[in-house]
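Q: Just so you know, the protein sequences line up as chains V and B, in that order. According to this note's numbering, the first sequence is numbered sequentially starting from 1. According to this note's numbering, the second sequence is numbered sequentially starting from 115.
Everything labelled a hint here was simulated from the structure, so no lab data went into it. Here the structure is a predicted model, which is why all the values come from computation and not from measurement. Please note that a few of the clues may not be correct.
Cut-off 27 Å, straight-line C-alpha distance, at most; resulting in silico cross-link-like pairs (DSS-like, lysine-lysine) [to be verified]:
#1 158(B) / 123(B)
#2 41(V) / 56(V)
#3 171(B) / 128(B)
#4 56(V) / 17(V)
#5 158(B) / 56(V)
#6 128(B) / 158(B)
#7 41(V) / 171(B)
#8 68(V) / 56(V)
#9 3(V) / 41(V)
#10 3(V) / 128(B)
#11 171(B) / 123(B)
#12 128(B) / 68(V)
#13 3(V) / 171(B)
#14 3(V) / 56(V)
#15 68(V) / 158(B)
#16 158(B) / 171(B)
#17 128(B) / 41(V)
#18 123(B) / 68(V)
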Amino acid sequence: ELKVEQNPLFLSMQEGKNYTIYCNYSTTSDRLYWYRQDPGKSLESLFVLLSNGAVKQEGRLMASLDTKARLSTLHITAAVHDLSATYFCAVDISKETSGSRLTFGEGTQLTVNP
Amino acid sequence: NAGVTQTPKFRILKIGQSMTLQCTQDMNHNYMYWYRQDPGMGLKLIYYSVGAGITDKGEVPNGYNVSRSTTEDFPLRLELAAPSQTSVYFCASRGPTRNQPQHFGDGTRLSIL
Numbered sequence: 001e002l003k004v005e006q007n008p009l010f011l012s013m014q015e016g017k018n019y020t021i022y023c024n025y026s027t028t029s030d031r032l033y034w035y036r037q038d039p040g041k042s043l044e045s046l047f048v049l050l051s052n053g054a055v056k057q058e059g060r061l062m063a064s065l066d067t068k069a070r071l072s073t074l075h076i077t078a079a080v081h082d083l084s085a086t087y088f089c090a091v092d093i094s095k096e097t098s099g100s101r102l103t104f105g106e107g108t109q110l111t112v113n114p
Numbered sequence: 115n116a117g118v119t120q121t122p123k124f125r126i127l128k129i130g131q132s133m134t135l136q137c138t139q140d141m142n143h144n145y146m147y148w149y150r151q152d153p154g155m156g157l158k159l160i161y162y163s164v165g166a167g168i169t170d171k172g173e174v175p176n177g178y179n180v181s182r183s184t185t186e187d188f189p190l191r192l193e194l195a196a197p198s199q200t201s202v203y204f205c206a207s208r209g210p211t212r213n214q215p216q217h218f219g220d221g222t223r224l225s226i227l
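Just need the whole structure built from these sequences, with the hints factored in.
A: Spelled out as structure tokens, the structure:
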């Protein structure tokens, strides 16, 4: 059974600081997704990481994937209040023809304080 | 472009009642999914479909049923509602390749009392 663990589950940080969220998973996979969820809202896709060594950046967020270590990171640079949200990683171990079935981590609730 | 539309947004059911959560998408996606999200938790897959007429169980299918008669619609049926089914339900769809993310609806908040 695939297990996806995020670390930390709760993160309170000051504006302007840097931090990293970790996503570990237990079974080989070459596809990992990061989503953002604001309170009471739906999930918004942030990044799709497709292979070992993949790195993607959007604004103050950068995501990377190490398939050998079964680890993805979401790095936050110079945090601002607007980044406050819950961040989920999701791993896809399904076959190409079977429609990606995602297993989600528990989420990291990020609060950025002034 | 509406994307993935779920109805209703909120619903309160009594134990033992039944209901159907509606999901429709206008992106011509073959792949559709139903998830539930319990408070403070990640999403768990209930059922999914790879195209009209084809459905399969996910991680937590017990107490639910689905059908997929058209590409656009993927309703989720709750029979004999139980308090354990109190949750937020999300429908999602995805394009033809695994390189694309799943697109989520706004969710249905369901309470069973």
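Q: Going straight from one Cα to the other, do residue 171(B) and residue 128(B) come out at no more than 27 Å?
A: 25 Å, holds
Q: Are residue 68(V) and residue 56(V) close enough, with their CA atoms no more than 27 Å apart?
A: Since the Cα atoms of residue 68(V) and residue 56(V) sit roughly 18 Å apart, the hinted pair holds (cutoff 27 Å).
Q: Starting from residue 128(B), check that the Cα of residue 68(V) is at most 27 Å away, please.
A: 48 Å, violated
Q: Below or equal to 27 Å on CA atoms is what counts here, so check residue 171(B) against residue 123(B).
A: 24 Å, holds
Q: Residue 3(V) and residue 41(V): Cα distance at most 27 Å?
A: 25 Å, holds
Q: Check whether the Cα positions of residue 128(B) and residue 158(B) lie no farther apart than 27 Å.
A: 23 Å, holds
Q: Does residue 17(V) sit within 27 Å of residue 56(V), going by the straight-line distance between their CA atoms?
A: 20 Å, holds
Q: Sort out whether residue 171(B) lies within 27 Å of residue 3(V), counting only the CA atoms.
A: Distance of about 18 Å is within 27 Å: holds.
Q: Going straight from one Cα to the other, do residue 123(B) and residue 68(V) come out at no more than 27 Å?
A: Between residue 123(B) and residue 68(V) the Cα gap is close to 41 Å, so the pair fails against 27 Å, i.e. violated.
Q: Does residue 128(B) sit within 27 Å of residue 3(V), going by the straight-line distance between their CA atoms?
A: Distance ~34 Å between residue 3(V) and residue 128(B) Cα, so the pair is violated.
Q: Is residue 41(V) within 27 Å of residue 56(V), Cα to Cα?
A: Distance ~24 Å between residue 41(V) and residue 56(V) Cα, so the pair holds.
Q: With the threshold set at 27 Å, check whether the alpha-carbon distance from residue 158(B) to residue 56(V) stays at or below it.
A: 26 Å, holds
Consistency note: the structure conflicts with the earlier hints numbered 10, 12, 18.
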